[in-house]
Every structure is written in structure tokens, then in C-alpha cells.
Amino acid sequence: MYGLPKIHKHNAPLRPIVSQIDSPTYRLAQHLANILSPLKGHTRAHTKDSYHFVSEIKDLHLADNETMVSFDVQSLFTCLPVEDCISIVTRRLEENNMPVEYAVLLRHCLTSGYLLWKEEFYKQVDGVAMGSPVSPIVADIFMEDFEEKALLTSPIKPRFYKRKKTHTDRYLNGDSHHHPSQLATVGKSLFQRARGICDSKHLAAELQHVKQVLHDNKLRVPRLRHSERVKPATVERVPAVLPYVRGVTDKIGYILKRASIKTYFKPPKKISQFLPSVKCNIPLQDAGVYKLDCECGLSYIGQTKRSIKTRVKEHIADVKNRRSGKSAVCEHVQDRPRHYIRFDRPQILAKEH
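Numbering (full-length UniProt numbering), first residue to last: 1 to 353.
Hints are computed from structural coordinates only; laboratory data are not their basis.
Among the hints, erroneous ones may be present.
[As the list claims (entries may be wrong)] Keeping only pairs whose Cα atoms sit at most 27 Å apart, straight-line, the calculated DSSO-like set for lysine-lysine is:
1) Lys201 with Lys211
2) Lys291 with Lys320
3) Lys157 with Lys188
4) Lys291 with Lys118
5) Lys266 with Lys211
6) Lys6 with Lys118
7) Lys326 with Lys305
8) Lys123 with Lys305
9) Lys305 with Lys118
10) Lys266 with Lys251
11) Lys218 with Lys188
12) Lys188 with Lys58
13) Lys351 with Lys305
14) Lys266 with Lys218
15) Lys218 with Lys6
16) Lys48 with Lys188
17) Lys305 with Lys320
18) Lys157 with Lys48
19) Lys58 with Lys40
20) Lys9 with Lys257
21) Lys58 with Lys6
22) Lys48 with Lys118
23) Lys218 with Lys291
24) Lys291 with Lys305
25) Lys48 with Lys9
26) Lys313 with Lys291
27) Lys266 with Lys118
28) Lys157 with Lys40
29) Lys188 with Lys201
30) Lys291 with Lys123
31) Lys251 with Lys262
32) Lys48 with Lys201
33) Lys188 with Lys257
34) Lys58 with Lys211
35) Lys211 with Lys6
[Claimed, not checked] For each label pair, taking beta carbons as the anchor points, the in silico distance ranges come out as:
36) Lys48 with Gly325: 52 to 62 Å
37) Pro24 with Asn173: 36 to 46 Å
38) Leu14 with Lys218: 19 to 29 Å
39) Ile301 with Arg323: 11 to 21 Å
40) Lys157 with Lys188: 35 to 45 Å
Heads up, the beta-carbon is just placed ideally off N, CA and C, and yes, glycines get one too.
With the hints as extra help, turn the sequences into a complete structure.
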């Protein structure tokens, strides 16, 4: 478990993240996320995007005794009741004529979460992990059900209710080492969005807000109007992707542009890539239970009293010397000679104390 600071909030509180990449249930959670995703977003309060929200409220007029308010849920993921979430998902599966067995798999994903903190393993007994692919889907489904029940039982019925996403006004910083065209796109898209969702009465104020946001992020304010030019037809060519180095690759891009080759610039390595990972890793020198993955999707799980690093080297030697009788991994490679075992990425499932 590690924390990401919420830099847009006072005192920058930490958002707890339990990374589930390469965990036993990660692939299953990915699969369930794709299956359960169509079950959300069908309530009357759902909004697809800002344009949809504007179309919903453009004819809404507030009376003198009416007020528009917004609500936020604190620590949503860690406060979700798992059993209630599973019951709600089961009901929606039945309503949509989908196999309810998916709820059994969901229970396995939501109740098998564990984390490593200061060399000790802990099991998550309630709430869902912010780091599992299926958690955002479950959170949305639970909140939709909660909102529907709250609106039906509330003594005060709101005339209009919609769900919206929050924004922090944080964008790509102008001092970052990105190509100027990428930095310019931020301002252009914000101005285009403002013109698309604001009426004439509020457009000027929104454009002023956009200018302030761009200034705070050290980005240039684009021109409000650009002359439209008819571009000559060009031959379709394979685009070039170059790492952006100021003063070098932009010149290369200009040369390629004259040859009708479009150039995309990707940012260089981030500082975080050079720093040690904040995630806890169990050293391979320990003994314990490990897993080796094959590119075909199958995995080998073994246990050793010696260091896992030594045992992996023995597997490699068995494959090279074709000692199939000593290693199930070697037997798999001999039966399927084109398969590739990820000896370079052994996964540690548990260690011996």
C-alpha cells in the first residue's frame, strides 16, 4: 500500500492506493470490469459529459426559494459495504438477464484483497481497493442505487438531480518538457469547450476563468480566432513518433513535415521513473511461494525452502539441459517449444519467516 497526495486539497491528504497489478485476482478483476460496466449509467441522474449536462439544464429556471447545491462523498472506496455491493450487482445481473455467477466471481475479487505494510501482510475486510480495475465500476453501481433510494424516501423531493464529476483545474504545466504543440492543445481545447457549453451570458466569465487557469499552469493563452485555410491534399504516410528533445526533435519534425510525414512527440522519462518505486517488493533472496507466468496465459506456482532467486535459476538450467523429469516448467516448454516463460519476472506470492 502507498499513498498519493491530493495536492488540490488543504494539507494535501493522502489517497491510499493498494496496487493489484500482478496480484492473483487482477486479470479476473479486469475481466469483470468489462462485463459489469454496461450495468451502470442507466439512471435518470446519469450524465455522459458536460455537453449532456448543459442540454439538461439549459431550460431549467430556479425559483427565488430554490437553491442549487452539490454533495461529495468522502473516502468512497474504503467506505463501501462489500456485501451490499454484491447484492446490488446480483440484482442488476438478474434484471439484465445476465449470469448471476458473475457475482460469485465479484465476491472473490472483493474479499481476496490484501496488502503489504512494513513487511506485514493485512487482509482488507471491508471496502474496495483503489487499485483494482473493478472497484470504480462497483462504486458507481452502489452510488446509483444509493441515490435512487435516497431520492425515493426523502421528504423533500429535488426538482432536478444529476451526477457530475469534479475537476481540480490542474493541467499539463507549461514548464514541463513537452513539445509546444502539445502544450498549445491544452488552451485550445479549454476555449473550445467553453464556447460549446456556455451561453452568451456566462461565456465571458468562463473564458476569463480559463485564462486564469492557463496562467496558473504557466500555459499560453491561445488566440480567440484563427484564420481558416484550405489545406492541400496530402498523401497518407506512416507517422513518426519521436522522443521530444527541445531544439533537436522539433527540427526533425519540421523536416518530416515538408515530406508530408506527420510527427508525434512523446515526453521524455519522468523523474518518477528514476526514483525507487514506492511499492513494497519482497526480495528474491527470501524463501517462499512464487509464480512463473508463460505468455500463453498458464502459470506455474512453486514453493522453495531456499531463496526464490536460486530456484528460478534452477528452472532455467533445467530448460536449457532438457531435464523434463525434474521440472514441470521444463515439461511445459518441451511440449510447447515456442512458448516463453517469464523467468525475468517471477512473482512472489508469500515468503517464509
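Taking the hints in turn, this is what the structure says about them:
1. Lys201 with Lys211: Measuring from Cα to Cα gives roughly 18 Å; hence the hint holds.
2. Lys291 with Lys320: 19 Å, holds
3. Lys157 with Lys188: Violated: Lys157 and Lys188 sit about 40 Å apart, past 27 Å.
4. Lys291 with Lys118: 22 Å, holds
5. Lys266 with Lys211: Between Lys266 and Lys211 the Cα gap is close to 26 Å, so the pair holds against 27 Å.
6. Lys6 with Lys118: 23 Å, holds
7. Lys326 with Lys305: Roughly 17 Å separates the two Cα atoms, so the pair holds.
8. Lys123 with Lys305: With Cα atoms ~25 Å apart, Lys123 and Lys305 stay inside 27 Å; holds.
9. Lys305 with Lys118: Satisfied, since the Cα-Cα distance of roughly 23 Å is no more than 27 Å.
10. Lys266 with Lys251: Measuring from Cα to Cα gives roughly 15 Å; hence the hint holds.
11. Lys218 with Lys188: 14 Å, holds
12. Lys188 with Lys58: 24 Å, holds
13. Lys351 with Lys305: Answer holds: Lys351 to Lys305 is near 10 Å, not above 27 Å.
14. Lys266 with Lys218: 20 Å, holds
15. Lys218 with Lys6: 20 Å, holds
16. Lys48 with Lys188: 22 Å, holds
17. Lys305 with Lys320: Status holds; Cα separation ~23 Å.
18. Lys157 with Lys48: 23 Å, holds
19. Lys58 with Lys40: Roughly 25 Å between the alpha carbons, so the hint for Lys58 and Lys40 holds.
20. Lys9 with Lys257: 43 Å, violated
21. Lys58 with Lys6: 33 Å, violated
22. Lys48 with Lys118: Answer violated: Lys48 to Lys118 is near 42 Å, above 27 Å.
23. Lys218 with Lys291: 47 Å, violated
24. Lys291 with Lys305: Holds, at about 15 Å.
25. Lys48 with Lys9: 26 Å, holds
26. Lys313 with Lys291: 14 Å, holds
27. Lys266 with Lys118: 37 Å, violated
28. Lys157 with Lys40: 23 Å, holds
29. Lys188 with Lys201: 21 Å, holds
30. Lys291 with Lys123: It holds: about 20 Å lies between the C-alpha atoms, which stays within 27 Å.
31. Lys251 with Lys262: It holds: about 13 Å lies between the C-alpha atoms, which stays within 27 Å.
32. Lys48 with Lys201: Judged against 27 Å, a Cα distance of about 24 Å means the pair holds.
33. Lys188 with Lys257: 22 Å, holds
34. Lys58 with Lys211: The given pair, whose Cα atoms are some 24 Å apart, holds under the 27 Å limit.
35. Lys211 with Lys6: Distance of about 24 Å is within 27 Å: holds.
36. Lys48 with Gly325: 52 to 62 Å: 59 Å, holds
37. Pro24 with Asn173: 36 to 46 Å: 38 Å, holds
38. Leu14 with Lys218: 19 to 29 Å: 26 Å Cβ-Cβ, so the 19 to 29 Å window holds.
39. Ile301 with Arg323: 11 to 21 Å: 20 Å, holds
40. Lys157 with Lys188: 35 to 45 Å: Holds: the Cβ-Cβ distance is about 42 Å, inside 35 to 45 Å.
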